[in-house]
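Residue numbers (this note's numbering), protein chains in the order written: chain A, 1 to 231; chain B, 1 to 231; chain C, 1 to 231; chain D, 1 to 231; chain E, 1 to 231; chain F, 1 to 231; chain G, 1 to 231; chain H, 1 to 231.
Bear in mind the hints are in silico, worked out from the structure with no lab data behind them. All residues carry an ideal CB built from backbone N, CA and C; glycine is no exception. Among the hints, a few may not be true.
Unchecked claim - Cβ pair distances, simulated, as ranges:
| id | chain 1 | residue 1 | chain 2 | residue 2 | range |
| --- | --- | --- | --- | --- | --- |
| 1 | E | LEU131 | B | ALA30 | 20 to 30 Å |
| 2 | D | GLU117 | B | TRP10 | 23 to 33 Å |
| 3 | D | GLU117 | B | ARG136 | 35 to 45 Å |
What the hints assert, rightly or not - Non-contacting residues of chain E with respect to chain G, defined by C-beta distances greater than 10 Å in every case (computed):
| id | residue |
| --- | --- |
| 4 | ASP5 |
| 5 | ARG37 |
| 6 | PRO57 |
| 7 | VAL78 |
| 8 | GLN84 |
| 9 | GLY85 |
| 10 | PRO100 |
| 11 | GLY115 |
| 12 | GLN118 |
| 13 | HIS128 |
Protein chains: 8
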Amino acid sequence: MADDDIEMDWLREERTAVAEAVLCAPKTDAQIEAILRQAQQVRHRLLLTRLGPDRFPRLAPDLRAALDYDPVSRTAIVGGLPEQGRAQVALVAAGTSDLPVLREAARTLAFHGRGSEQVVDVGVAGLHRLLRRIERLRGFDVVIAFAGMEGALFTVLAGLIDVPVIAVPTSVGLGVAQGGRAALQSALATCAPGVVAVNIDNGFGAACAAIKMLHVGDRGRIAQGSRGTAH
Amino acid sequence: MADDDIEMDWLREERTAVAEAVLCAPKTDAQIEAILRQAQQVRHRLLLTRLGPDRFPRLAPDLRAALDYDPVSRTAIVGGLPEQGRAQVALVAAGTSDLPVLREAARTLAFHGRGSEQVVDVGVAGLHRLLRRIERLRGFDVVIAFAGMEGALFTVLAGLIDVPVIAVPTSVGLGVAQGGRAALQSALATCAPGVVAVNIDNGFGAACAAIKMLHVGDRGRIAQGSRGTAH
Amino acid sequence: MADDDIEMDWLREERTAVAEAVLCAPKTDAQIEAILRQAQQVRHRLLLTRLGPDRFPRLAPDLRAALDYDPVSRTAIVGGLPEQGRAQVALVAAGTSDLPVLREAARTLAFHGRGSEQVVDVGVAGLHRLLRRIERLRGFDVVIAFAGMEGALFTVLAGLIDVPVIAVPTSVGLGVAQGGRAALQSALATCAPGVVAVNIDNGFGAACAAIKMLHVGDRGRIAQGSRGTAH
Amino acid sequence: MADDDIEMDWLREERTAVAEAVLCAPKTDAQIEAILRQAQQVRHRLLLTRLGPDRFPRLAPDLRAALDYDPVSRTAIVGGLPEQGRAQVALVAAGTSDLPVLREAARTLAFHGRGSEQVVDVGVAGLHRLLRRIERLRGFDVVIAFAGMEGALFTVLAGLIDVPVIAVPTSVGLGVAQGGRAALQSALATCAPGVVAVNIDNGFGAACAAIKMLHVGDRGRIAQGSRGTAH
Amino acid sequence: MADDDIEMDWLREERTAVAEAVLCAPKTDAQIEAILRQAQQVRHRLLLTRLGPDRFPRLAPDLRAALDYDPVSRTAIVGGLPEQGRAQVALVAAGTSDLPVLREAARTLAFHGRGSEQVVDVGVAGLHRLLRRIERLRGFDVVIAFAGMEGALFTVLAGLIDVPVIAVPTSVGLGVAQGGRAALQSALATCAPGVVAVNIDNGFGAACAAIKMLHVGDRGRIAQGSRGTAH
Amino acid sequence: MADDDIEMDWLREERTAVAEAVLCAPKTDAQIEAILRQAQQVRHRLLLTRLGPDRFPRLAPDLRAALDYDPVSRTAIVGGLPEQGRAQVALVAAGTSDLPVLREAARTLAFHGRGSEQVVDVGVAGLHRLLRRIERLRGFDVVIAFAGMEGALFTVLAGLIDVPVIAVPTSVGLGVAQGGRAALQSALATCAPGVVAVNIDNGFGAACAAIKMLHVGDRGRIAQGSRGTAH
Amino acid sequence: MADDDIEMDWLREERTAVAEAVLCAPKTDAQIEAILRQAQQVRHRLLLTRLGPDRFPRLAPDLRAALDYDPVSRTAIVGGLPEQGRAQVALVAAGTSDLPVLREAARTLAFHGRGSEQVVDVGVAGLHRLLRRIERLRGFDVVIAFAGMEGALFTVLAGLIDVPVIAVPTSVGLGVAQGGRAALQSALATCAPGVVAVNIDNGFGAACAAIKMLHVGDRGRIAQGSRGTAH
Amino acid sequence: MADDDIEMDWLREERTAVAEAVLCAPKTDAQIEAILRQAQQVRHRLLLTRLGPDRFPRLAPDLRAALDYDPVSRTAIVGGLPEQGRAQVALVAAGTSDLPVLREAARTLAFHGRGSEQVVDVGVAGLHRLLRRIERLRGFDVVIAFAGMEGALFTVLAGLIDVPVIAVPTSVGLGVAQGGRAALQSALATCAPGVVAVNIDNGFGAACAAIKMLHVGDRGRIAQGSRGTAH
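Whenever a hint applies, use it, and build me the whole structure from the sequences.
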């Protein structure tokens, strides 16, 4: 593929508050390398997602050297991280099996300078583990919840806190839960009002939603005085 | 249809611990009447399920007079109820919308002489309502749980008590939860070990399962001395 | 049904920032009336959703008189509306057919004192209609988008603004789009990062999510000084 | 992953009658090892499920040595088995292909001290094989049935015995039966009242349900005198 | 619609052994009447299926008078029945609810001069009812089996007789069995070799398949001598 | 697994006209070997299906030597073939990709002494190929048709011949046709009356159905004189 | 709803070659009336689709008088038809039940001044009906084919002509064909290269596609000379 | 397989305007080689699709030498390309991940002598990339659009140009978009009138549809004078 076929959307962050990122899974090695070289040329920071540990070693050595790669989340970052703010986002996972997806969200937040804190192994089959963390969770600005299987965590959590809950169904599960559809349906059908959902295993997308919320929050704080009177 | 086409399974209770019952929804009025007359002829008690309030008035007056009909559960009983035992079964519903299905279970239990107690409006969006009843629920021999929408109740409940939980997904729900499939998937995909499920809205089937469990319990209590030593 | 079977979650708003509401569709007339009388007794404001125009006239006259009923959104409000804030939420619908769902969101926001502004008939088949409103939409704190059929609106919109976009797939559509599943899949599978989705036709749920976001925003603005230093 | 991320639910058995167990399939080797070391530290017995024969050799030698591993059921046990009671549970499989799932149930029962007996190759295509074992099956306290393909075994069996039947649909099957969904639907849609179902291939879950039933049975036998009069 | 738009396939029976028939459900009254008049004009016998009892009275009186109408099977016959042969086909239904579909098959067979015998209420939940008829069923040339819900009848029956079994899944069923899909999957996924299936509720199609089998049988008997030597 | 767990149904052919066969895919090597040794012991002929070319070499050498193995159809036969009758069955495939399934049917027929003839590459996209063979196909007693993708062959064929058509949908296809579901739906939804279907890729099942039809045909020819008068 | 909420896309035809049309099914009477009055005001011709015969009489008398309404196709036209060109499009339906969808296409073509010719009752179960019209069909510029059930017509037709075939699956069908999904899958999975599909029952959409093809054809014919040399 | 089993449809192009092509995925190496040799024998040009890069090296060296193979599109051509016309078809892809499918279309067009131009990376998340190419796209005779994920490109594009748009959903996507079904549903459910769709990843089919459109266009231009008067 010729390099010039690629047209990166470098102004995405300015326009939408979240930066252009590269979903590597469906791309060829050559396509990923061409994108990386283009990013280097225009000196743009870049986030790569779904870059499997089998894929990373196949990239050119000089490109690999320029990447901050994390095999658990399958993400890579070019150009380093910005200064990290305080942890405004809580990442809450039902089990340790949900960690790869949780880490994809954590890395996406970090890439945008947003701090996060992770809370793992609080599945509702042992409810006490979640209940004793509720007070702490109420202190965050956004909570992203990760759960596979039946996804009951989303409902229980959202019924206990006054913070927005973004549900990320994960593909952890057997039989009818295979592929994450049961957890997704639970997120959408929840009886706890106000839960919003992203696609299965989409830690990146959930983080982007949180970033947009925090972005508006920032803007709000700055503009607050004038705007309140303007209306 | 000629009466003689019907062949009731009058020995079902002896064989399987649960009595023959008639699912009325897919049958014609004439078929239901023929079955009722046959039951009267052989002087057999009989449970009818899914006999809608629009259907009941269409039956012959003498048959209607012989029926103990309950419009909420859409059940009718011929031949009266046996002596009722103590309440060994708890019927726990997430919301008042699940009541018709819960009542079908209650009536089926009553038809077999099994008492039950109902606990309603304990959906997990307001978790405190369930938590304060947990101790009481641990005293029953079987718990049947009814929930539509995302069905998180099944998991939360089963993670808190040492009693068998039979999950009855109900068709209460909108969008992806329409028809009860989301709740059913939650019951099957649950991360709380030991939940068993029946078909959507199948209060009758859940009650039958409970009856079989209690039947084995009764048998066990009687045979306990000799059997323990026999092995 | 006995009135005492109902257990309203009157502290939900305090706990979760969104108030208890009643989904009327799966409830009987008697259940709804019992809930309304309970609300009157404890002098609590209450929102009812999915109360169809065929259903409303069947309620007792004194209850009807106490309700602020809107047939388009199929919502009713007991106890009046609080003071309305400035319009922080934009409600953007692809077509006029999405209006009932949009209005359910508008009424839910109003019930919580949150103002909103509606933008209708901006389906992407005639893209110019949306493009000329983008600048205005960037000024809101949250955008809720409503679309049935193929739901392309969600992606186009989210690619153009830096505000959180909550996608509400509607059941407007024929053939494979029947029931809103195609639009829901588009919301989840979107290539525009940061879109979050709620269940099909769930205007109420989308509004609740927006309310939680605005609630955290309010909190943030108040606590900003101290918290910034605390970390 | 840091060891301290893991929070085992060591009191689960006390609370729910079934012990905490580890579903290995979605976990990393490092996570499983960390869990095993934690179990050793707190001297707790532990059951591991879905630990494939390709996975087991990758664990640290000292941990492997401490495990009682069974490749057919893909289960491992740390800390040995308790004294085994008499066989109260019958495990009935339609074909030899269902054995891995049956064995997972047998091992789960054994881990909890519950004896079981297996009956294999009684698919209903050759009905005589099942019919001649019916009398023997009526002597058990619970029957767990395993079948893939069309799952007719569940219905036939439940129509012939007065013992609770837990249906475990297995993923044995071709074409429309692929993945076990046809067998699952048969278990749920059965015309034999009282069948309950667990997720596809969930031998562990079915055993847990049986354990809860037997647990209540035990409790019942002990408490019988006082409780009967108490009501 | 102009009459001349209709082009009946009057030579279908000669070509395929089964006669042209009219599926009335998706047609307008005018279309059905035009077809009937055309049949009268060319003096051709004709079978109409899915002609609901609400539809029949709407036809022109002279056409109604010419029809042999059966409301249970929703079939009508123009031009009378041919001489009926001996009963070569057994029609076996799990329950009385399957009768409308069974009768559609019986009428289709009769229209083609093929006799049949019906056996009803032999669902496998009470297996003895079927077992005592097995010997008699082995004497027929084809068996058509009708079952909804989980459709276990197909497998049990086919495992006991040496006669072709055509499975007709019926839309009798609740929850996951709604619409007949569970029974259809059982027919296709059966572990009893040699079961063939038709579409849900398709009594007409099953009868046509039986007619083709009997047609080849007739041909075989006639041509047997010469053909045997010809090969 | 102990050998004695296996219970072969050696009387199946006597009872149902089709012999016991072994579906190898879900079985372990040890299970297959145990079955083969049992067959040798009781000197019974046996058909094995779905024995992949990767699997066959793993069997014990002496067992391999005793098997007539065909890698295309993935079938193996123990004990040789009986005398083959004339070709009463036509096997008609839309494309060469359907050959493995067609050959499974051919081998199953041969195992039961039934001859067959194959007609390949007659997909309806080039209709002339099928049309010029119609006359020949009308001479057979049964036609088994194999098609993947959209499965139009079933309808076209059945509309042109007076012989029973058994449709075997194959898993040949891309996109929505993946796995054979589109072809299966075409077989069931066909507008050509009298088509019957078996499961996807089930060449074995289709052959068994044909064998049952021919078996009744044989019986008919023998008993014809007496039976005709008996009625 | 206020009239000014509606924003018609009056320049759609100029931009896309097909005119703005109104899908009436999901709209309220008031919305339709407001749209009609707006069209009258700006003196714009307008096509309305899915305006059911139960709906039409509810419109205001003066608006009804201004509409050219056709109950079969459920379409209405404001402002009359343009001059009709020669019949460049053939509309080919498998059965008379497909007529409402075919007519929707015919009316949409007529609204754009495109002539069409209809060919009905050429289902492939009686193949001769289609074959004798093939020569004539080859003379058109576009063929739109309408079929429900298994949709084999699409493949057969496309394999015989060199003209583009647009497949319109219709919701005519029973059991697995209910709602038109089987026919849709056949259209997409076809083995005849070059078939394109639109949504189920979407006669309007198919006509629009044809209009775009003819529009490019017209443009081509006009610009042919200059363009050929320009490249 | 014997060579003579293969019956190529060499007259397909004459009959349908698109040439016979070979779908290699479901065929064996031997089958592909036999087809290639037959093509060489009759000196016919031939297009092979879905010939994976792992498959190509396994073919006989002399056949490989005769093939023009392209690994990206997985296509091979025997007999060279005809003279290429001007680029009448635009191939528009949402992302670089869609390139393999786009290239399959490009190669199919080239095989038929039709030129094309590709436009890549114009996904609607960055709408400006598409908008600035709209004018150029309006100059083509057909546009084929390729998109996975939510497939919003199809609607946006079709709402902006007056050229036929053929939508090719691709299997690029995660979670609910896996396998391309979400994009397919968007193509079918689009609110932009006139979009037509082919099967998922079916670049070949889309190109064939375009070829038929261009073929009629050519024919039209030639016959225009006489035909216009003939009508």
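Evaluation of the provided hints:
1. LEU131/E - ALA30/B: 20 to 30 Å: holds (28 Å)
2. GLU117/D - TRP10/B: 23 to 33 Å: holds (32 Å)
3. GLU117/D - ARG136/B: 35 to 45 Å: Once the Cβ atoms are compared, 36 Å apart, the range 35 to 45 Å for ARG136/B and GLU117/D holds.
4. ASP5: violated (5 Å)
5. ARG37: holds (14 Å)
6. PRO57: holds (20 Å)
7. VAL78: Given that every Cβ of chain G is farther than 10 Å from that of VAL78/E, nearest at about 18 Å, it holds.
8. GLN84: Given a closest Cβ separation of 26 Å, the condition holds.
9. GLY85: GLY85/E clear of chain G: closest Cβ-Cβ about 26 Å, beyond 10 Å.
10. PRO100: holds (13 Å)
11. GLY115: holds (26 Å)
12. GLN118: At about 22 Å from chain G, GLN118/E clears the 10 Å cut-off, so the statement holds.
13. HIS128: For HIS128/E, whose nearest Cβ neighbour in chain G is about 31 Å away, the distance exceeds 10 Å, so it holds.
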